[in-house]
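Same order as they appear, the protein sequences are chains A and B. Going by the numbering used here, the first residue of the first sequence is number 1, and it counts up by one from there. Going by the numbering used here, the first residue of the second sequence is number 1001, and it counts up by one from there.
Simulated from the structure, these hints should not be mistaken for laboratory data. Fair warning: there could be bad hints in the mix.
Unchecked claim - Distance condition first, Cα-Cα at most 27 Å in a straight line; then the derived DSSO-like pairs of lysine-lysine:
1) Lys-77/A / Lys-1280/B
2) Lys-1012/B / Lys-76/A
3) Lys-96/A / Lys-1280/B
4) Lys-1012/B / Lys-77/A
5) Lys-148/A / Lys-1280/B
6) Lys-1029/B / Lys-1012/B
Claimed, not checked - With the C-beta cut set under 10 Å, the calculated list includes, among others, these residues of chain A facing chain B:
7) Met-9
8) Tyr-43
9) Ala-44
10) Lys-76
11) Ser-80
12) Ile-133
13) Glu-134
Claimed, not checked - Restraint-style ranges between C-beta atoms, simulated for each label pair:
14) Thr-1266/B / Glu-34/A: 31 to 39 Å
15) Lys-1245/B / Met-9/A: 38 to 46 Å
16) Asp-1113/B / Glu-118/A: 50 to 58 Å
17) Gly-1225/B / Gly-110/A: 13 to 21 Å
18) Glu-34/A / Asp-1113/B: 38 to 46 Å
19) Asp-50/A / Lys-1047/B: 31 to 39 Å
20) Asp-137/A / Glu-1302/B: 47 to 55 Å
21) Cys-1215/B / Val-139/A: 44 to 52 Å
22) Val-139/A / Asn-1257/B: 54 to 62 Å
Just so you know, even glycine gets a beta-carbon here, dropped at the ideal spot from N, CA and C.
For reference, the chains in residue letters:
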Amino acid sequence: MSEPLVFMMGEFAAEFPTDRQYARNHMWALASGESIRFGFSAYAVRLLQDVYFLDWNLAAPVMLQQQQEIGSIESKKAESSLYAPVSGQLTAFNDKLLADPSTINTDKYGKGWLFDVEPADPELPLLTPAQYIEHLDGVWKITQQTIKGQLN
Amino acid sequence: MIPIVVSTGQSKNPVKRELEEAVIAELDKRPGYEVVVIPNLYDLSPKGESMSALQALEGDLIIFSWFYQRSAHWILDRHGIHGKLGDVQLQAADEEEDEAAASGTEDEADAEDILRVIDQRPVSDRTIYCLDFRVSETANDFVEEAQRIVREITGQELDQWIQGTLSEQQQARYEQPQNDTAMGPATQAGNTVRIEEAAGRRWYPVIDFSRCTNCMECIDFCLFGVYGVDQSETILVEQPDNCRKGCPACSRVCPENAIVFPQHKTPAIAGAAADNEGFKIDLSLLFGQPNAADVAAQERDEQLVLAGRQPVEETPILAKRQADTQASNPDSLDELIDGLDTLNL
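Taking the hints into account, I'd like the entire structure generated from these sequences.
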C-alpha cells in the first residue's frame, strides 16, 4: 500500500489511506467480496473530535436507500444525523462501537468501522482517494462557512 | 381575575395525569384563581365548547399544555385569541444555558428589519403566558411559576392604575388585605371549571406570524389545499383538516421556519425555541443530509400517492418548469426589444 494522501484542514494534516474508496459524506469504503465496510474518514473525525454517543435507528439486516437517515452521533463539539452512503442491504453494525464509540477516534480506519453493506447497484457513488481529495478541496470552504454560520 | 387554563394531554400516562391533577388541585385551593380545564388544545374543535370558553376569556391569561410555548401561543392565535408572548421563566434545565447563549444572536437577527405579518397587526394589549408541562416533573415548580406570573400581571395592572410603581409591601398588602373594608377576592377557592368534550386527533400546520413574511411558499407547495389567504391577502391555514396526517413537508419549505406541527417528533418542527442546539455544531449537511426542499418534495409525493393521486416527481418545482422550455434562436422581435434597452427611456 502506498503512502496515505494528506489534506490540510487548516493546520491539521488529515490522512487518507489509498487502499480504499471514499463517499461524499466523508465515510471510507473498503470492499471485501460482496460486502463493503464503511467508517468515518479523517475529515469527519477531525470535525467531530471526541465521540460520545452513537445511535442507529435501524436494526441489521435491513434494506437501505442512499441518503436515508440511519442514525445519529454526538461528540464533544458537534452532533449530526447519519445517512446511508449507498443503497443496499445493511448486514451488520459494529456493535462494539456502541459501548465504546471512542474507537472512532483511536482507530478510525480499522476497529472503528461503522457498518457493512452489500450494495444493490454495481455502480457505486464512491470516489477514489484522489477524487476524494478534490472533493475536499471543494467542501473545505463550505465546511468552514457552515461552522461559522452556526456560531454566529 | 387571571384565568388559568389547563389543557390536558392526549396520553393516558398516569405520571402525566397526576402532574396535571396535582397542579389543578394546588391552584384550586387558592382563592382568586379562575382555573379552566379543557381537553388537548391542538385537537379542539374550532366551534366546540372549550374553544368558545377560551374565546370568552378577557385580559391576560396563563395556559398550561403539553406543547412548546410557541406552539400553544400560535394555536390560540389561530382561534382568534391574540396576545403578546408572556415571559415564562420556568424552563427545562438545559434550555437555560442555551437561552443565554442564543440571546446575543437573536438581537443581531432582528436588526435585519424584515417585515413580519405580526408587524402589520395592531399591538395586542393582552399577554398570554404559555407553560409547557414537559419542562418539569414537579407540580410545585408550575404552581410557583403561575404565582410569579400572577404577581407580575397584578403588579403591572396596579402600576398602571396608580400611574407609578408599587413597592413590595404595598403589593403584599393589596394581595392580602388586613383592613375591614377589603372586599376579598372575586372568586372563592374551589372554583375550577372542567369542560369535557370529545376531541378526535387532528393534524394541521400552525403558522407563527412573528416569523411569517407572507412569502406564499407554503400555499404554492401544498397540493392538498390546506393554505389559503384571508381578506387582507394574508396567508392562513384555511382547511386544516385537508392536511395529510403525519406529513410535515410544508414546514421544510418555509424560509423563515414559521410553520409548526405541534405533535411532530422533531423539536424544531414542533415549535421548540430556535437555536436550541446550544454549544454543539450540527454537521448533518456535511455528513450527507439531503437538502430540505428534496425531503419536502419526497414527503409530499408520498402523501399524493397515498391519496390516490399522481406524484409530482421532481425536486425544485422551478427546475422542471425551466427544463421544459427550450432556448430558441433570437428573432427580429427579440432584437427589437433588446434594442429598447439602449434607448434609455
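Range hint 50 to 58 Å (beta carbons of Asp-1113/B and Glu-118/A) holds or violated: holds (55 Å)
CA of Lys-77/A to CA of Lys-1280/B, is that 27 Å or under? At roughly 5 Å apart (the allowed maximum being 27 Å), Lys-1280/B and Lys-77/A satisfy the hint.
Can you confirm whether the C-alpha distance between Lys-1012/B and Lys-77/A stays at or below 27 Å? violated (38 Å)
What's the verdict on Lys-1012/B and Lys-76/A, does the C-alpha distance respect the 27 Å limit or exceed it? Violated, at roughly 37 Å.
For the hint on Tyr-43/A, does the least C-beta distance to chain B fall short of 10 Å? holds (9 Å)
Under 10 Å is the threshold here; is the Cβ of Lys-76/A close enough to any Cβ of chain B for the hint to stand? holds (9 Å)
Given hint Lys-1280/B paired with Lys-148/A - CA-CA distance at most 27 Å: holds (12 Å)
Hey, does the Ile-133/A contact hint survive, CB to chain B under 10 Å? Nearest chain B Cβ about 16 Å off; hint violated.
Do the Cβ positions of Gly-1225/B and Gly-110/A conform to the proposed distance bound of 13 to 21 Å? The hinted range 13 to 21 Å is violated for Gly-1225/B and Gly-110/A, with Cβ atoms some 55 Å apart.
Can you let me know if the beta-carbon spacing of Thr-1266/B and Glu-34/A is within 31 to 39 Å? Given range 31 to 39 Å: holds, Cβ gap about 36 Å.
In this structure, is the beta-carbon distance linking Lys-1245/B and Met-9/A contained in 38 to 46 Å? holds (45 Å)
Below or equal to 27 Å on CA atoms is what counts here, so check Lys-96/A against Lys-1280/B. Within the cut-off at roughly 25 Å; holds.
Hints 2, 4, 7, 12, 13, 17, 18, 19, 20, 21 and 22, counting from the list given before, are not met by this structure.
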